[in-house]
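Novice: In case you want the letters, here they are:
2 protein chains.
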Amino acid sequence: MKEQLELFIKSALISWYAQIKRADNLFNTLSDEQLGNEVSSGRNRGIYLLGHLTAIHDNMLPLFNFREQLYPELKEIFIDNPDKSFKELPPISELKLKWKAVNSALAENFESLTTQDWFQKHNSVSEADFAKEPTRNRLNVLLGRTNHIAYHTGQIAFLQTK
Amino acid sequence: MKEQLELFIKSALISWYAQIKRADNLFNTLSDEQLGNEVSSGRNRGIYLLGHLTAIHDNMLPLFNFREQLYPELKEIFIDNPDKSFKELPPISELKLKWKAVNSALAENFESLTTQDWFQKHNSVSEADFAKEPTRNRLNVLLGRTNHIAYHTGQIAFLQTK
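In the order they appear, the protein sequences are chains A and B. Residue numbers are given in numbering that gives the first Met the number 0: position 141 of the first sequence equals residue 140, and the series is strictly consecutive. Residue numbers are given in numbering that gives the first Met the number 0: position 158 of the second sequence equals residue 157, and the series is strictly consecutive.
Mixed in with the good hints, there may be bad ones.
[As the list claims (entries may be wrong)] The list that follows gives simulated cross-link-like pairs (lysine-lysine, DSBU-like), each with its CA atoms no further than 30 Å apart:
1) A:LYS161 - B:LYS95
2) B:LYS9 - A:LYS120
3) B:LYS161 - B:LYS95
4) B:LYS9 - A:LYS20
5) B:LYS1 - A:LYS120
6) A:LYS120 - A:LYS20
7) B:LYS97 - A:LYS1
8) A:LYS20 - B:LYS74
[Claimed, not checked] Non-contacting residues of chain A with respect to chain B, defined by C-beta distances greater than 12 Å in every case (computed):
9) ALA17
10) ASN64
11) LYS97
For the record, the hints were derived by calculation from the structure and aren't laboratory data. Because the structure is a prediction, the values reported are computed rather than measured. Backbone N, C-alpha and C define an ideal beta-carbon position, used for all residues, glycine too.
Just chain A, same shape as in the assembly (with noise of 0.2 Å):
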């Protein structure tokens, strides 16, 4: 039984690495103009996704109770805002980096966690609820996120020469 509560945790963590190495290979193929461009016409641009992805990430961090946020600073301009609500984003170089940043810190602190540490609530859910619902838990919360990469990078894939 406890050899397949860390094989599910361990299916949980490939899949998503599996969709973080997806969005890499487009971030990392994709050129800064291509970048630029939005997604499709009208919608959010890559480097605003670039950012939302990076900022949800982040976030993770005081969510799963690793530590604060590296860039607490992303969350008005990815988050809190759509695209195309300030003039200028910061460089997509940049943006690259914390990317890269805030997955290496999640996976650090993924890899520390006992098969217990999995199951206990998340940070933005109380006592109370949790007693009720004991599925908000860290995992849930890992399902959840590695869905949202794949929302994006269903999206992001536009960018790309047909």
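Keeping the supplied structure of chain A fixed, place chain B upon it in accordance with the hints.
Specialist: Using the frame of chain A, we list chain B on its own:
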């Protein structure tokens, strides 16, 4: 420990049903005309992605060892060939019924699986490979297919009016 395993399977299913629901909401609110459009210039049409998701989910029935596909004829049109390979596609109303039917068939079978069943190998992996890679189980396929819905839902969302 048993309780946590059940909790984890429940989480994976909640995540699956949440993605199905999000796609459902899109398919239910988009008009046939909208679904007939390309999700982005030169990309797949909504109707193709509806058929594609239906065919992929239909294929999960044999993959999970539940039963043969309900609509094996969809594979050639929506998996083996890209959009616009065929002059005519099945009507949207018919695809929507099939989409509901395959998801219902999966849901019924998912509910009948025991915890142990989730950790059994899926049908496209050999016994030998499974011994080496025990993560290639049903649960793992479910996680992968959940990301697959999210990936395409991010694209289908572009059919909504801005």
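Novice: Please write out, lowest number first, the hints stated earlier that are contradicted by the structure.
Specialist: 7, 9
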